Amino acid sequence: GAVVSQHPSWVICKSGTSVKIECRSLDFQATTMFWYRQFPKQSLMLMATSNEGSKATYEQGVEKDKFLINHASLTLSTLTVTSAHPEDSSFYICSARPRTSTYNEQFFGPGTRLTVL
Amino acid sequence: EDQVTQSPEALRLQEGESSSLNCSYTVSGLRGLFWYRQDPGKGPEFLFTLYSAGEEKEKERLKATLTKKESFLHITAPKPEDSATYLCAVQTSGTYKYIFGTGTRLKVLA
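The listed protein sequences correspond, in order, to chains A and B. Residue 132 in this note's numbering sits at position 115 of the first sequence, and the numbers go up by one each step. Residue 197 in this note's numbering sits at position 93 of the second sequence, and the numbers go up by one each step.
I should point out that these hints are in silico values taken from the structure, not numbers from a laboratory. It is possible that part of the hints are untrue.
If we take Cβ atoms under 7 Å as the criterion, some of the chain A residues that face chain B in the derived model are [to be verified]: (1) 49; (2) 60; (3) 61; (4) 110; (5) 114; (6) 117; (7) 122; (8) 125; (9) 126; (10) 127.
Here chain A is said to cover these stretches of chain B; the calculated rule only asks that three of the stretch's residues, wherever they fall, bring their Cβ under 8 Å from a Cβ of chain A [stated by the list, open to error]: (11) 164-174; (12) 204-212.
The model shown is predicted, which means the values in this text are computed figures rather than measured ones. The beta carbon of each residue, even a glycine, is placed where N, CA and C say it ideally should be.
Start from the sequences, fold in the hints, and give me the full structure.
Next comes the structure, spelled out in structure tokens:
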């Protein structure tokens, strides 16, 4: 149980294009989903918190117009990197907190490797 | 300011050589402390949740403990397949967000 998927697992795009990453909770409903980015040999950095049906809350320093987050249902959140540039190349990971959980843990997706040329 | 620090940064063990990883935290109010394992190029895999000082959790060769200031992840008789980065995350009162530590890269040699 508590499986989270991400699609695509990797993507290569040209500078200036937009890329959408999907995060799905496969066997549970998630009230809250989180988006992180991770640079090589570094820990996870929280980008934003996404609640179903409401606007995402972005961490300080994260451009909300650059990283568009949509949480349209209790099982799907999307991250769109708009007008991507090489500095946006990174490993993007989502997580989800089960709606009915009596605990507070997050379950993570496998990550999406974005490379911007 | 809330902070989470993990040590050591990297650890090399011989197979069967038990050791402990440390996660120290300074937060205004602890809601929970979480341990994850992350393999290269993959998302973190959930291991344990600890909520109060004195609590312990075990899973196979891993045992997590919690005090008011730190948590330990004890690895007993590790095997090469235990090689991974172990991440500690803290949740503070009033939020479900995580504050992650920088992780400990564990390498177990056969």
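Hints versus structure:
| no. | hint | result |
| --- | --- | --- |
| 1 | 49 | holds, 6 Å |
| 2 | 60 | holds, 5 Å |
| 3 | 61 | holds, 5 Å |
| 4 | 110 | holds, 5 Å |
| 5 | 114 | holds, 6 Å |
| 6 | 117 | violated, 14 Å |
| 7 | 122 | holds, 5 Å |
| 8 | 125 | holds, 4 Å |
| 9 | 126 | holds, 5 Å |
| 10 | 127 | holds, 5 Å |
| 11 | 164-174 | violated (count 0) |
| 12 | 204-212 | holds (count 5) |
Of the numbered hints given earlier, the model fails hints 6 and 11; all others are met.
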